[in-house]
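As they're listed, the protein sequences go chains A and B.
If you read the first sequence in the numbering used here, its first letter stands for residue 1, the second for the next number, and so on.
If you read the second sequence in the numbering used here, its first letter stands for residue 1, the second for the next number, and so on.
Quick caveat, the hints were computed from the structure, so don't treat them as lab data.
From the three backbone atoms N, C-alpha and C, an ideal C-beta is built for every residue, glycine too.
Worth double-checking, as some hints may not be accurate.
Residues from chain A that face chain B, not an exhaustive set, calculated with beta carbons under 10 Å [stated by the list, open to error]:
#, residue
1, L4
2, Q6
3, P8
4, G42
5, D97
6, P111
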Amino acid sequence: TQLLEQSPQFLSIQEGENLTVYCNSSSVFSSLQWYRQEPGEGPVLLVTVVTGGEVKKLKRLTFQFGDARKDSSLHITAAQPGDTGLYLCAGTTYNTDKLIFGTGTRLQVFP
Amino acid sequence: ETGVTQSPTHLIKTRGQQVTLRCSSQSGHNTVSWYQQALGQGPQFIFQYYREEENGRGNFPPRFSGLQFPNYSSELNVNALELDDSALYLCASSLAVGQGPPLQETQYFGPGTRLLVL
Numbered sequence: 001t002q003l004l005e006q007s008p009q010f011l012s013i014q015e016g017e018n019l020t021v022y023c024n025s026s027s028v029f030s031s032l033q034w035y036r037q038e039p040g041e042g043p044v045l046l047v048t049v050v051t052g053g054e055v056k057k058l059k060r061l062t063f064q065f066g067d068a069r070k071d072s073s074l075h076i077t078a079a080q081p082g083d084t085g086l087y088l089c090a091g092t093t094y095n096t097d098k099l100i101f102g103t104g105t106r107l108q109v110f111p
Numbered sequence: 001e002t003g004v005t006q007s008p009t010h011l012i013k014t015r016g017q018q019v020t021l022r023c024s025s026q027s028g029h030n031t032v033s034w035y036q037q038a039l040g041q042g043p044q045f046i047f048q049y050y051r052e053e054e055n056g057r058g059n060f061p062p063r064f065s066g067l068q069f070p071n072y073s074s075e076l077n078v079n080a081l082e083l084d085d086s087a088l089y090l091c092a093s094s095l096a097v098g099q100g101p102p103l104q105e106t107q108y109f110g111p112g113t114r115l116l117v118l
C-alpha cells in the first residue's frame with residue numbers, strides 16, 4: 001500500500017507556465033520533504049516542512065504542508081526547462097523515522 | 001555533489017545470481033539507508049544501518065541483506081536474483097544524533113546503481 005499518492009503522474013508544459021504538484025495521504029506525517037531527481041542521479045532535497053499549515057518559498061518554488069499534516073503541494077511559478085525532472089514527496093510518520101516516498105511526478109518543461 | 005558515492009554505476013546479472021552493491025557515505029555521517037527504485041516509481045525503503053547495526057527494515061525478503069563497516073561505508077547484498085529485482089538501488093547517508101533512539105537528520109543520496117536482471 002502506497003501511503004503517499006502524488007498527482008499528476010506526468011506533466012508536460014511550456015516554459016513560463018505555472019504548475020502545482022500534489023502529495024496526498026490518509027496518514028498523518030510528522031515531517032514532509034520534497035526532492036527533485038534527474039536522470040542518472042539520486043534525489044536531491046529541496047525543502048522540509050514540519051508544521052501544519054507551513055508555507056516555504058524557494059525562489060520560484062512554493063511548498064505548503066496541509067493543516068492536518070496529511071497532504072502537501074509544490075507550486076512552481078514561470079517554469080523553466082531546468083525545472084525538468086522527477087519530483088518526489090517523502091515523509092516520516094510518528095510511528096517511524098524512516099522515509100516513505102510518494103509515487104512521483106515527472107515534469108517536462110519545453111522551451 | 002552530495003559526497004555519497006556508489007559502485008558500480010551499472011550492472012547486468014542473470015536470474016539466480018548474487019550481487020553486491022557498495023556505498024561510501026558522506027564524511028561525518030554514521031547512518032546509511034538503502035532504497036530500491038523501480039522504473040517510474042518512488043524509492044522504497046529496504047533497510048538502514050546505524051553504527052554497524054541494522055536499524056529498521058522495509059518489506060523486503062531476507063535475500064536482501066546488508067553490512068556497515070567501521071568507516072560507515074555499506075554494502076547491499078541480494079541473493080537468488082529475480083527479474084523483479086531490476087531497479088535503481090540508492091543509498092543515502094545521514095548523521096543520527098541523540099542518546100536514546102537515534103534521531104535522523106537530512107539524508108543525502110548517492111547517484112545509484114542501476115541493476116538489470118535478465
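Results of checking the hints against the structure:
{"no.": "1", "hint": "L4", "verdict": "holds, 8 Å"}
{"no.": "2", "hint": "Q6", "verdict": "holds, 8 Å"}
{"no.": "3", "hint": "P8", "verdict": "violated, 13 Å"}
{"no.": "4", "hint": "G42", "verdict": "holds, 3 Å"}
{"no.": "5", "hint": "D97", "verdict": "holds, 5 Å"}
{"no.": "6", "hint": "P111", "verdict": "violated, 25 Å"}
Taken one by one, the earlier hints fail for this structure at numbers 3, 6, listed in ascending order.
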